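K.L.:
Construct all of the structure, not just a fragment, from the sequences and the given hints.
Protein chains: 2
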Amino acid sequence: MKKLFASIITIGDELLIGQVIDTNSAFIAQELNKIGVPVKHRLAVGDGYEDIWNALDEESKHADIILLTGGLGPTADDITKPLLCEYFGGKMVLDEPTLAHVQYLFEKVFNRTGPLLERNRKQAEVPDVCTVLKNEVGTAPGMLFEKNGTIFIAMPGVPHEMKWITTHHVIPIIQQKFETGFIEHRTLLTQGIGESMLAELIKEWEEKIPSHIKLAYLPNYGMVRLRLTGNSFDKATLNNELDAQFAQLKTLVQEFLVVDEDIPLEQAVAKLLKERKQTLATAESCTGGHIASLFTAHSGASSFFTGSVVCYDNKIKTQLLGVSNEILTTVGAVSQQTVTLMAANIIKLMDTDYAIAVSGIMGPGGATDEKPVGQVWIAVANRQQVVAQQFNFRFDRTRNIHITAINAINMLRKLIVA
Amino acid sequence: MKKLFASIITIGDELLIGQVIDTNSAFIAQELNKIGVPVKHRLAVGDGYEDIWNALDEESKHADIILLTGGLGPTADDITKPLLCEYFGGKMVLDEPTLAHVQYLFEKVFNRTGPLLERNRKQAEVPDVCTVLKNEVGTAPGMLFEKNGTIFIAMPGVPHEMKWITTHHVIPIIQQKFETGFIEHRTLLTQGIGESMLAELIKEWEEKIPSHIKLAYLPNYGMVRLRLTGNSFDKATLNNELDAQFAQLKTLVQEFLVVDEDIPLEQAVAKLLKERKQTLATAESCTGGHIASLFTAHSGASSFFTGSVVCYDNKIKTQLLGVSNEILTTVGAVSQQTVTLMAANIIKLMDTDYAIAVSGIMGPGGATDEKPVGQVWIAVANRQQVVAQQFNFRFDRTRNIHITAINAINMLRKLIVA
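Line by line, the protein sequences give chains A and B. Mapped onto the numbering used here, the consecutive letters of the first sequence carry residue numbers -16 to 401. Mapped onto the numbering used here, the consecutive letters of the second sequence carry residue numbers -16 to 401.
Keep in mind that the hints were calculated from the coordinates and are not lab data. Hints are not guaranteed to be accurate.
Given that identical chains are not distinguished, each listed pair holds provided it fits within a single copy or across any two copies.
Stated by the list, open to error - With a straight-line Cα cutoff of 25 Å, these simulated PhoX-like cross-link-like pairs (lysine-lysine) come out: (1) Lys146 to Lys254; (2) Lys331 to Lys298; (3) Lys146 to Lys331; (4) Lys91 to Lys354; (5) Lys(-14) to Lys218; (6) Lys331 to Lys160; (7) Lys17 to Lys117; (8) Lys218 to Lys44; (9) Lys186 to Lys105; (10) Lys191 to Lys105; (11) Lys298 to Lys254; (12) Lys218 to Lys257; (13) Lys130 to Lys160.
As the structure is a prediction and not an experimental result, all values here were calculated from the model.
P.N.:
Given below as structure tokens:
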């Protein structure tokens, strides 16, 4: 069995100065993974002619499928198209269907009047040695080239255009041209145990996993995700093997198991609430709506998520959540009393089964002698009781906000399953 | 002047299956950029021995500085350290200061009792051919190697540990070992004009920019960011040139200019509010707290951001924001009437100068015959008036939520500066 590989090349100076985070290649990698195509490299290069050329040379040594994004726009820094034309020895020709599509978009979708700009007309020009892949959602089409058995597909870097072309062209083309195997995963999430102790706990089992199944430890925010990956042409056998190994693993980590699916913590908690037909509200000071936005980022949130009061200003804590001025001026907004009242009162205000309340100092400003940056009080509640706990995080603002949210959601999970 | 280059290699199978998004290399690229070190490649490779080895060989052809992250943890899938030991021809030795630090962390920070696990003790072992870079915030130290004038620095993949080592070791080491030039940027954000029209508008100016200054178009969410980049050893002259070019550019795009700094839209609006000493509240249905979390993600938000009511359930719209049952059952929650009331009433409820209110269908569920996925009503208000507008976005849930937030914040910006 010859091993098939893909490489992903993302083009753009903005990637090399860190101005944007590359989410495109993560998406492409995910889609390839689903159809069993392993990725050899993800490579980001700048907008330079030579850099792109060399990347094509280099990656075609490693991969049978090379996917490129970026550099196909209408402006002077977009050099990928003429370069590909030269690389594959073609000449530029006008593609009539693309021109008609560009015209349609400008007239009907962008509501632009007047004739097409020359630079937009040029977006309909393609190398005569490529197969044009229609871009339904944008002006720059995808382009498929072949050379010595390797296929190259160039896509625009705009994420939703790249996604459309990947889904509608790239994946079907690969499935048609190559015999792809299957890559299957089993992932679970643990909490309350570090990576090292976890490795000790499952050591004997880990040593006996067959060699075509790999185990990865993915620690993040004080939780550790464990992922089993198997690769085979025989999907049924592979799935049986993975199921058997995964069952053993689950038994071993039982005590620390949060969820046995590759979903984020908030979705695991959402599942619990939906199963129980129960509801949730949040009262957020320092997280500023981040906890609410995590729950509502996933479809179906309306079946359990009622709402939130973001009480950034203390007057809102008093007015909507019953935290008295006396409490605020004596023990302060970052205190057990405050979050306990916030949790108990948001349950009443929104008539929910559960609540989360948080108040803390996320930094870099706002610290006092008694309350340093990272000090947070979290409360979770049901209709009978409130549980509050203090945390001290020591990260930057972004991470403090996120780790506060994760800990709050995990406290809620424990209360639900208690 | 010999051109200095860095390459960033990130190690981990999770990057190649798209399970995690690589934010590490964006951070490193930003830090290198600040000290004038251009990045040649960002390369992600899997946990395979041969893949990592080849990446080291390959990137040392292109770069003088090679930064690696990942694969330094205590578990069996972490193979980077023994590989580096072999690659640079060393042998593993115990580093006493690292062992003392690991012991300190386990006892004092993680509150672990009992003797160190063998695998944690191993974290204090390093190749005898490296310089150990202390990791104050974690157990795995950074390691510096040199070979044929190229330096290699390996760091753990845990983001805050990588950041700490980059800031405290990598940047100072590079500044000490190499004569770095300066890279300077000027960035502005435009709204209301597409990439092509913008290119036409500034065409004559763009053609005359000197060759050591580059212009990049960075379109996103219907806005286009323009970035000028210059590279030189003479910082003062470079800054004067960039200032002059940037002033011309600003004049040309005046009509569409949102902000002349490299800050996100919500920070531009935050600046306006802080300057005016005015306040803001949000009433969010479909964005579920995302708008509030964007504003509060930045330090200093408490000086203008009062709070939010996330009214995901319609009963909260009625109870806290005065949207009557009659309106909800006739024109519905996604309507001009609803968002107008939400905006007008959150201003009163939270006593602020401005408000944003949104209600829409983010998908994939929730659509009706009359109201398809992507239909959104946005209202912005001050104490005198409410402005409402309907939008129809056609993306996935995540993007619909974010583009709703961006458009709402931009509507607020227009109202503030009107």
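K.L.:
Just pull the numbers of the violated hints for me, sorted ascending.
P.N.:
As far as the earlier hints go, 1, 3, 6, 8, 12 are violated by this structure, in ascending order.
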